[in-house]
Amino acid sequence: MSRRLPEVGGVYIQMEDELASLVVVIGASQAGAKAMTATSGPGFSLMMEQLGLAIMTETPCVLVNVMRGGPSTGQPTKASQGDVMQAKWGAHGDYEIIALAPSSPQEFFDYTIEAFNLSETYRVPVIVLADERVAHMREKVVIPPEDEIKVVSRKKPSVPPEEYLPYGSEELIPPMACLGEGYRVHITGLTHNEKGYPDMSGDVHSKLIWRICNKIRSNAEKIWRYKVIGSERPEATIVVYGSAYRSAIRAFKEARREGLSVALLKIETVWPFPEKPLLDLSETSKGFIVVEMNTGQILREVQRVAGSSRVEFVSQLGGDLPDPRGILTKIRRVLDHA
Amino acid sequence: MLKQVQVEHPLDPLLRIDRIPHIWCPGCGIGIVLNAFLRALKELNFDMDRLVVVSGIGCAGRAAGYVNADGFHTTHGRPIPFATGVKLAKPYLKVVVFSGDGDLFAIGGNHFIHAARRNIDMLVLCVNNQNYGMTGGQLGPTTPLDARTSTSPYGNIEHPFNLVHLAAGAGAVYVARWTVLHVRRMTESIKKALLKKGFSFIEVISPCPTLFGRYNRMGTGLDMMKLLAERSVVMNFIDPAEAVVDLRDKIVCGEFVDTEKPEYTEMVYRLIREKSGREVTSIVES
Ligand SMILES: Cc1ncc(C[n+]2csc(CCOP(=O)(O)OP(=O)(O)O)c2C)c(N)n1
Ligand code: SF4
Ligand SMILES: [Mg+2]
Numbered sequence: 001m002s003r004r005l006p007e008v009g010g011v012y013i014q015m016e017d018e019l020a021s022l023v024v025v026i027g028a029s030q031a032g033a034k035a036m037t038a039t040s041g042p043g044f045s046l047m048m049e050q051l052g053l054a055i056m057t058e059t060p061c062v063l064v065n066v067m068r069g070g071p072s073t074g075q076p077t078k079a080s081q082g083d084v085m086q087a088k089w090g091a092h093g094d095y096e097i098i099a100l101a102p103s104s105p106q107e108f109f110d111y112t113i114e115a116f117n118l119s120e121t122y123r124v125p126v127i128v129l130a131d132e133r134v135a136h137m138r139e140k141v142v143i144p145p146e147d148e149i150k151v152v153s154r155k156k157p158s159v160p161p162e163e164y165l166p167y168g169s170e171e172l173i174p175p176m177a178c179l180g181e182g183y184r185v186h187i188t189g190l191t192h193n194e195k196g197y198p199d200m201s202g203d204v205h206s207k208l209i210w211r212i213c214n215k216i217r218s219n220a221e222k223i224w225r226y227k228v229i230g231s232e233r234p235e236a237t238i239v240v241y242g243s244a245y246r247s248a249i250r251a252f253k254e255a256r257r258e259g260l261s262v263a264l265l266k267i268e269t270v271w272p273f274p275e276k277p278l279l280d281l282s283e284t285s286k287g288f289i290v291v292e293m294n295t296g297q298i299l300r301e302v303q304r305v306a307g308s309s310r311v312e313f314v315s316q317l318g319g320d321l322p323d324p325r326g327i328l329t330k331i332r333r334v335l336d337h338a
Numbered sequence: 339m340l341k342q343v344q345v346e347h348p349l350d351p352l353l354r355i356d357r358i359p360h361i362w363c364p365g366c367g368i369g370i371v372l373n374a375f376l377r378a379l380k381e382l383n384f385d386m387d388r389l390v391v392v393s394g395i396g397c398a399g400r401a402a403g404y405v406n407a408d409g410f411h412t413t414h415g416r417p418i419p420f421a422t423g424v425k426l427a428k429p430y431l432k433v434v435v436f437s438g439d440g441d442l443f444a445i446g447g448n449h450f451i452h453a454a455r456r457n458i459d460m461l462v463l464c465v466n467n468q469n470y471g472m473t474g475g476q477l478g479p480t481t482p483l484d485a486r487t488s489t490s491p492y493g494n495i496e497h498p499f500n501l502v503h504l505a506a507g508a509g510a511v512y513v514a515r516w517t518v519l520h521v522r523r524m525t526e527s528i529k530k531a532l533l534k535k536g537f538s539f540i541e542v543i544s545p546c547p548t549l550f551g552r553y554n555r556m557g558t559g560l561d562m563m564k565l566l567a568e569r570s571v572v573m574n575f576i577d578p579a580e581a582v583v584d585l586r587d588k589i590v591c592g593e594f595v596d597t598e599k600p601e602y603t604e605m606v607y608r609l610i611r612e613k614s615g616r617e618v619t620s621i622v623e624s
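Heads up: the protein sequence lines correspond to chains D and V, in order.
Here the first sequence stands for residues 1 to 338, numbered as in this note's numbering.
Here the second sequence stands for residues 339 to 624, numbered as in this note's numbering.
Chain V with its partners taken away, still in its complex shape (with noise of 0.2 angstroms):
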């Protein structure tokens, strides 16, 4: 006779169960990215009520809305603010923007590198699709040149950012690029940059079958992932303007900066010290 039995994921108590089944489509890599966020704060054994997961709109954006701990949903583009009004009320939380590439560096990046440049303690994952999944799959600025999507009909005439170029450019402290399919190295990645000091960026190309996909004809979610496979080269700490993402030749991955420079929240607090002759590490009494 078949018994049923429930088996708990090892990552449940890292979700809000209570609001699975998750939004994604079959074949969305957007997943495999929170599967990997997670894993890490597992491995790391990471304080959940220390956690901030901060997100703003758009598929990758409901990442904070599945996480088992303090999250945010904002308006588009502005999550990278909203985790700097947190760490600068709260210093000693961790605060993780999980957002998408639309919302990170279109509408948003005038907010990324400022943060970058201060280099305010966060860390912000960036699920880059080429697209933007959430709306019917427009162009955005991570979209290859000649790529159709929605709003690109006759091939995209925009050129696009590399993300590690602009990230490191910027400031950030430590830059990573993976794709959905290095669960691994961007798992010990996420890691790296969860306990690292100051403004950290990792970019992981994954697969949207459902519109970008459709749009350039590459098939299914799955046959996305074997062509990620194909192209991707692992190159640590090539100089990341060569580090290109070209999804008919080769993306080009690995981590690109992992340097320290003094972080911004904690040279407020020292201000904050200095002036009011108080030990002061939060402004919010506890």
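In isolation and in its complexed conformation, chain D is listed as follows (with noise of 0.2 angstroms):
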């Protein structure tokens, strides 16, 4: 991106640490810019007060963060899913996240335009969710023509700047005015009230929180993004994403060459985490096989939603993609039980 940005009319700075780095970020969107940044474990750990500041501010920005194995400096550079749960509720408080986890070079290209709308549209940080696999990869990757690529931007105030009211829209997402628009807003990571100004009363706190959770909550079937691969009444079915797909999606096709009964959700939005597809499939599966590389983060959701349904864990920590035999052993056992 150094080399680039400049070629394109952009700015890329290195800043001394991780978390001024996400500061950058959200001062640049306030400014009206389109920002982001991108990490490892240890610098995401160092983003997490940052984060909430952009949820709390509302401010629309990107991060990537590359999962390696952890905690502390762990394993540079292998890959692991070990960040899952931390990009849910890795800053204190109450709120929502968006996550999306690529599993190829192409997904990667895409889930970024992707994490940008959607930042854009709900006015939230979202994370490109990726591990050390996925992005040291080379594959081809297609780069449509400009014109071809969705650009969402933020919804701008429609009233002059006497009548803004930085969060006082009966919308769940209220259209946001720039620093240097003339607006003279007043943006504050203290809980705030309509207008943007301090306000440490029950209510105002309240109101804030679940509108900062309802804006992704009652939003969710829109933002989440799927793919159910294989039988239509599934009797097992593998749950994966990132880039241990790539071993689950061999161990489906073996599976069905074996003439298994199997289905596979790969998930592309971690958070909000796609409940109904997982409710569906748990009508008639009798089983799940979720495959994560740490030590059951997704595994956790996956018992929540499906809960009455038999859940196996493929697990792989070190480095390496799970072996697709592993999740054979798993799946005949879930079909055994049947």
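Simulated from the structure, these hints should not be mistaken for laboratory data.
Since the model is a prediction, treat every value here as computed from it, not as a measurement.
We put the CB at the ideal spot given by N, CA and C, even for glycine.
Simulated restraints on C-beta separations:
1) G168/D - S614/V: 32 to 42 angstroms
2) L349/V - V159/D: 24 to 34 angstroms
3) E146/D - E617/V: 15 to 25 angstroms
4) E146/D - Y430/V: 23 to 33 angstroms
5) P145/D - G474/V: 56 to 66 angstroms
6) V142/D - G615/V: 21 to 31 angstroms
7) D17/D - T597/V: 23 to 33 angstroms
With the hints as a guide, bring both chains together as one complex.
Have a look at this one:
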């Protein structure tokens, strides 16, 4: 980006640390720019308080986190999916967030654009939750002509400055005036009222936090991205996201060759977690096989949503992709118990 | 018969009147610094739509919320990188960081030195009250040796920063120190810094009678002001290393650095124009 951005009229800066990186992004976005930052593990941890600032001030921005083994310095640079829950719960307080998990360089490209569009639509930071495998992968990527790329920008106020209330609209997502546009906004990470002024009253806090959550929750069906591959009424379903998908699809194909009744649910927006396809699949599936490169994070979501079904888990730690044979074994186990 | 008349204060248009009364204690010096800042803006007839005031967290950090301009109240310690982001997106805006000594030099110290090193065009106004006022008077990086605070009940055993020396060493192009009693000089200094292109730093020594003053038995806000009046000396352009702040001896005030060097956002945009072949002056289309 340091090479490319100046060529296309963009600004690049390398900050002194990752929390400064995210704050610069927030500053640029508040001034009206589209801005992003990218990091891995420890840098993502450093960004958490500032992620909260972006959520609280409803600043559109994009963060790429290339997951590696952690905690701490952990395994630079080996693949992991250990930060999925951190992406959802890493900052203090209650909130909802959007996170997309690519499984190929093409998806990495597409999801980054999608991340900007979602962040501008919902005024929320969007995380591209990649992992080392997909980040270091070389594969064909089709870059469409510029005019074929859908670009969404934040809604601007339609009222003059005297009438504008930064957080005052009845809509879940208020129009956003930016710095330097004459609106003279005051924006704070403190709990704030419609004017944007600090207000510590319980009612104001409750109203604000529910709106920040509900703008994502009530639009979840629109935000969800997922694919169901395979049988219409499968007896077993693999649930997977990110580069672990590459192992899972191999196991899936093998299982189908053997004539097993399986489907694969590829989750593309890990947050908000797509509950509907899981609920639908649990009507016929006798069980789910969750494949993750961690000790069980999305596993908990699957257990929460499809609790009454049998849930098997394939965990891969250490940096390699999961072995498809291990996934096949778990598929057979689910079907044997059927 | 007495008639009640309401008169507008000359600085009212520069304030968010709907946010007054402010949160500061009687005898606190922060309001004086805000007043000097607003006066400087007024005297320069500064375009308030081209100004962004950024604060961190703390008593001083509330200032951004009172100015009738675009304002942003960041997380603790982060006003400088926020201001950097604004400048990178819209270099034509003037950003002023108005914050406390703890915010800017404890948790935010790293950002301060790097912004000064890059020479990003912004004015950093630091209200130095020698402690963390907002959170109950803890020691900070400017607390004098031996001073009592809520977290140094036996006297402070940490050496404080000399902020003007630090700023000069990190590369600031304009560096000055005043006390809240130097209202006229402070105002002139702020005016100068507002017009300067580059990283400017003004430290203002200010009383916190509620906490630092109370812990150190310094009397009322007025007593503390008297002390500042007695101890301060103006020594313009002496070596900032020699410009000490010693509440028991002397507080050296004045301008210490006023120089020129290439400014960062100008260099960024020069590079963009060169590499893109386009006349880009801001990445945000207006
Ligand atoms: C990350 C974080 N740590 C601690 C705090 C609590 N806190 C609020 S203000 C403050 C110190 C402010 O000191 P200073 O900048 O000197 O401002 P003053 O109140 O003295 O004007 C602290 C530690 C916080 N808000 N965030
Ligand atoms: S606590 Fe100290 S710094 Fe804060 S408002 Fe009161 S006097 Fe001022
Ligand atoms: Mg202080």
